[in-house]
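If you're matching them up, the sequences are chains A and B in order.
First residue of the first sequence: 1, per the working numbering; consecutive thereafter.
First residue of the second sequence: 1, per the working numbering; consecutive thereafter.
Source of the hints: derived by calculation from the structure; they are not laboratory data.
Computed from a predicted model, the values in this text were never measured in an experiment.
Every residue, glycine too, gets a C-beta built ideally from N, C-alpha and C.
Fair warning: there could be bad hints in the mix.
To give an idea of the chain A side of the interface with chain B (calculated C-beta under 10 Å), a few residues [claimed, not checked]:
1. Asp-16
2. Lys-17
3. Arg-30
4. Ala-40
5. Pro-80
6. Tyr-152
7. Glu-222
8. Gly-229
9. Trp-264
Under the rule of at most 25 Å between Cα atoms (straight-line distance), these lysine-lysine pairs were calculated in the DSS-like manner [unchecked claim]:
10. A:Lys-17 / B:Lys-460
11. A:Lys-29 / A:Lys-61
12. A:Lys-33 / B:Lys-358
13. A:Lys-247 / B:Lys-358
14. A:Lys-17 / B:Lys-117
These are the residues of each chain, in order.
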Amino acid sequence: MSVISIPDFNQTIPIDKVGVEERVSRLNKRSIKKESKVQALKLALSMIDLTTLEGKDSEGKVIQMCSKARVPYAPMPQLPSVAAVCVYPNMVATAKKALKGTGIYVASVATAFPSGMAQLQVKLDDTKFAVDSGADEIDMVISRGEFLKGNYNFIFDEIAAIKEACGEAHLKVILETGELETYENVRTASDIAMYAGADFIKTSTGKISPAATQPVTLVMLEAIRDFYGDTGIMVGMKPAGGIRKAKEALQYLVLVKETLGAAWLTPNWFRFGASSLTNDLLMQIVKQETGVYQSLHYFSED
Amino acid sequence: MSEKTKKNEGEATANGSAKPTSPNADLKHDFASFWNYSPAPESSDFVEIREQYQHYIDGSFSVPAKKRYFKSINPATEEVLAEFAEGTSEDVDKAVKAARKAYDKVWSKLPARERGKYIYRIARMIQERARELAIIESMDGGKPIRESRDVDVPLAAAYFFYYAGWADKLDYAFPGRKAEPVGVCGQIIPWNFPLLMLAWKIAPALATGNTVVLKPAETTSLTALKFAEICMDAGLPAGVVNIVTGAGQTGAAIVDHPDINKIAFTGSTEVGKIIQKSLAGTEKKFTLELGGKGPNIIFEDASVDQAVEGIVNAIFFNQGHVCCAGSRLLVQEGIADKLIKKLKQRMETLIVGDPLDKNTDIGAINSKMQFNKINEYIEIGIKEGATIHQSNSSSLPDKGYFCKPTIFTGVAQSNRIVQEEIFGPVLTIQTFRTPEEAVEKANNTPYGLAGGIWTDKGSKIFKISQKLRSGVVWANTFNKFDPTSPFGGYKESGVGREGGLHGLYPYVKLK
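Whole structure, please, built from the sequences with the hints as guidance.
See below:
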C-alpha cells in the first residue's frame with residue numbers, strides 16, 4: 001500500500017467560471033435518442049436515492065416510499081429498483097425493515113443535518129445511532145461556517161472522525177455548494193472530503209437554494225477525476241436537490257460519461273438525490289415503450 | 001468485506017473497467033465501452049438541392065458563357081452534391097458590368113436608411129432559413145451540424161444585423177468626414193466558413209453603398225447560391241450582389257478586372273501574395289485575410305481543465321480548418337505533463353463522424369486535396385522525429401475524408417509542422433520555461449493572426465498580449481467571434497481589418 005500525500009488545501013486550484021459553464025452548455029448539446037435514451041432513463045432510475053427529509057415524515061410514509069423504491073411502477077415490473085432510500089436517522093429502522101431482502105440500501109442523513117451546527121460529539125452520536133439502526137450509507141454535512149473561515153483542518157478532521165464512526169457504512173459528504181459561493185471553494189471542499197475518506201461527495205442538502213447545478217457537478221467530477229489520477233481511489237458523486245426532469249438527469253449522465261467514463265455509470269458510483277425525478281423518468285420510460293405519454297395521475301406520489 | 005463492496009467490484013467489472021488498487025499515473029478512463037450515443041442525424045429531407053447551379057448575375061441566374069460546369073462533392077460521403085457553373089472572364093465581366101450599373105443607377109443613389117432596410121431584411125431571412133442553411137453548410141463543407149447550427153449561421157446573421165445598423169450612421173463612424181463608397185468590390189472567399197465569410201464580405205460592402213461580385217470557393221459554393229435566392233426574395237435591386245462560381249482562374253479574372261475598385265480576399269498566404277503582386281500599380285484598394293499558425297500559451301497558473309477545453313476549441317473547431325486556429329500549443333513546463341495527459345483523455349471523448357449527426361464533434365475534411373495535405377504533414381511530423389498521438393475511441397467512417405484528432409509532442413521550433421500552416425486537426429506541443437521564452441516562440445513565425453493566453457492572473461494577460469504580434473489575442477478562451485470586434489493579421493497573415501468599425505474603412509473613401 002503506497003502512501004497518499006495530502007495536498008495543501010490552502011493552495012487554490014484555479015477554476016474559470018466562464019469555462020466551466022461553457023463546457024456544461026456544450027455537453028448539454030449531446031442529443032440522446034432511441035436506444036441510448038431508453039438505456040439512460042433506466043440507468044438514471046436505478047441511481048436514485050429516493051428521499052424524504054421532512055419534519056412531518058411518518059413511518060407510514062417511509063414504508064410506502066420503500067414500496068415504491070422496490071417496484072417504481074407496477075405495470076412494468078421489469079424496471080430496475082432505485083439505489084437507495086434516504087431518510088432521517090429515526091426512520092432508518094423502519095426503512096431497513098421495509099427493504100429487507102431487496103438489496104436496496106438505506107441511507108441516512110446525519111451530523112445535525114441540514115445545518116451541521118452542532119458539537120462533534122453530537123454529530124458522532126447522530127452518526128452512530130443511524131449506523132446502529134442499520135443505515136448502509138451516511139450522508140453527512142460539512143461545517144460550512146468553519147470552511148468559509150478557512151479552517152480546513154477542522155473540516156478534514158471532522159470528516160475523518162465521522163468516517164471512523166461510520167464503520168462499514170459508506171460515507172457521503174454533503175458540501176452544500178449553494179453556501180460555498182465559488183467554484184474554487186467547491187473544488188477545495190471536494191478535495192478535503194475525498195482525502196479525509198469520503199466514499200461519495202454530494203452537492204446539497206436540498207434545503208438551500210441553489211441546490212445541485214450542472215456546473216457545480218462538473219467541478220466536483222473533475223475533482224474526482226484528479227483524485228483518482230493522484231491516488232487510484234474511485235470516489236462517487238451525488239448531485240442532490242432540484243433535479244426534477246428526466247432530460248436533466250440525462251444531461252448529468254452525459255457529464256459523468258464524458259468526464260469520468262463508463263466505470264462511474266453505475267449506482268455504485270453515481271446517485272441522484274431526488275424524489276420527484278422518479279415519476280418523470282417513469283413517464284419518459286413508459287412513453288418510449290408505448291409511444292404515448294400517460295397522465296401524471298397514473299404514477300404514485302410518494 | 002461488506003456485501004456492498006462486493007457489489008461495487010462486480011458492477012465495475014461489468015462496465016468493462018477494473019478497479020485500480022494502487023496509485024498510477026497512467027490510470028485510464030474508459031469512455032467508450034458503455035452507453036454510446038445512438039445516431040442522432042439532423043434530417044436533410046426538406047432541403048432542396050438542385051442538380052445544377054448557374055451564376056447569379058444582375059438579379060437572375062445566368063448560364064455561364066462557356067457552358068462549362070464543375071462538380072462539388074459531399075466530403076462525408078464522397079457523392080456528388082451538385083454541379084456549379086465554371087466562371088470565365090466573360091462571366092466575370094458580365095457580373096462587373098451588372099455591379100457597375102447597379103452602383104451607378106441604384107445603390108449609390110439610394111438613401112442610406114433604405115440600404116439598411118435591405119440588409120436588415122437579408123439578416124432576418126438568414127435567421128428564418130437558418131436550419132436549411134446549416135444543413136447545407138454541413139453537407140457541402142463537412143463541418144459538424146453543431147457548429148454550422150450554433151456558430152456559422154447565427155454569426156452570419158449577426159454580421160448582417162450589425163452592419164445594417166451602420167448603413168445610415170456612417171457620419172458618426174467617421175465624425176467630421178464624409179464617407180463615400182468605393183464602387184464595385186470583388187470578393188473572394190474560402191471554403192472553411194462559406195456563409196460566414198460571405199457575410200463578413202458582403203455586409204460591410206453593402207452597408208457603405210458598394211456593389212459586389214463575389215466568388216465562393218469551388219468546394220463550397222452552395223450556401224452562396226442559397227444566399228442569392230435570399231437576395232432575390234428580399235427584393236434586393238438587381239446587380240447589387242453578383243455571385244460567380246469557379247476556381248482560381250475565376251478569382252484571377254476578378255482580381256484583374258479593370259473596373260473593380262476594391263478586392264477583398266480571404267484564403268491562403270500563397271494566393272494572397274499572388275493577388276498582392278497583380279494589384280501592385282493599380283488603384284484598387286484591397287484587404288487580405290490570410291493564413292496563420294496561432295500560438296496558444298498556457299501558463300502554470302491557468303485553470304487546467306478549462307484550458308484543455310480551450311485547446312480543443314482552438315485546434316479541433318471546424319476540423320482545424322480555421323485561419324486563426326491555435327495550432328501551436330506552448331505550455332509552461334511545470335504543468336506540461338498534467339495538461340497533456342488531460343488533453344489526451346479529452347481527445348478520447350471527441351466524436352469523429354457524420355457531419356449531420358448532432359453529436360459529432362469533428363466532421364469531414366473539406367476536400368480530398370486538403371485531406372491529402374493533412375496526411376502529408378502528419379507523415380512529415382513523424383519523419384521529423386515528433387511523437388504522434390491520436391484518439392482511439394472513435395472509429396472513422398469507411399467513406400469520406402476523415403482525420404483523427406492528432407497531437408505532436410517532442411517538436412522543435414525548426415520543424416515544418418511547427419512553422420507551416422497545416423489547416424487540419426493537428427496540434428504541435430512545445431514547452432517553455434519563462435514568459436519571455438513563450439513570447440519569443442509565439443512571435444517566431446511569418447504569421448500573426450491570432451493567439452491565446454491562459455492564466456488566472458489578469459496582469460499577466462495584459463503584459464503578454466501586448467508583446468504578441470497577433471491581430472487577435474484571446475484570453476482564457478479561443479475562437480470567439482463577434483461582429484463588433486475587428487479581425488485581421490500582422491505580417492503574412494494579411495492586410496486590413498474586417499469586423500467592427502474598423503471593418504468599414506476598406507469599403508469607404510473618406511472626404
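Now the hints, each set against the structure:
{"no.": "1", "hint": "Asp-16", "result": "holds (4 Å)"}
{"no.": "2", "hint": "Lys-17", "result": "holds (9 Å)"}
{"no.": "3", "hint": "Arg-30", "result": "holds (6 Å)"}
{"no.": "4", "hint": "Ala-40", "result": "holds (6 Å)"}
{"no.": "5", "hint": "Pro-80", "result": "violated (12 Å)"}
{"no.": "6", "hint": "Tyr-152", "result": "violated (20 Å)"}
{"no.": "7", "hint": "Glu-222", "result": "holds (5 Å)"}
{"no.": "8", "hint": "Gly-229", "result": "holds (6 Å)"}
{"no.": "9", "hint": "Trp-264", "result": "holds (9 Å)"}
{"no.": "10", "hint": "A:Lys-17 / B:Lys-460", "result": "holds (18 Å)"}
{"no.": "11", "hint": "A:Lys-29 / A:Lys-61", "result": "violated (39 Å)"}
{"no.": "12", "hint": "A:Lys-33 / B:Lys-358", "result": "holds (10 Å)"}
{"no.": "13", "hint": "A:Lys-247 / B:Lys-358", "result": "holds (16 Å)"}
{"no.": "14", "hint": "A:Lys-17 / B:Lys-117", "result": "violated (39 Å)"}
Taken one by one, the earlier hints fail for this structure at numbers 5, 6, 11 and 14, listed in ascending order.
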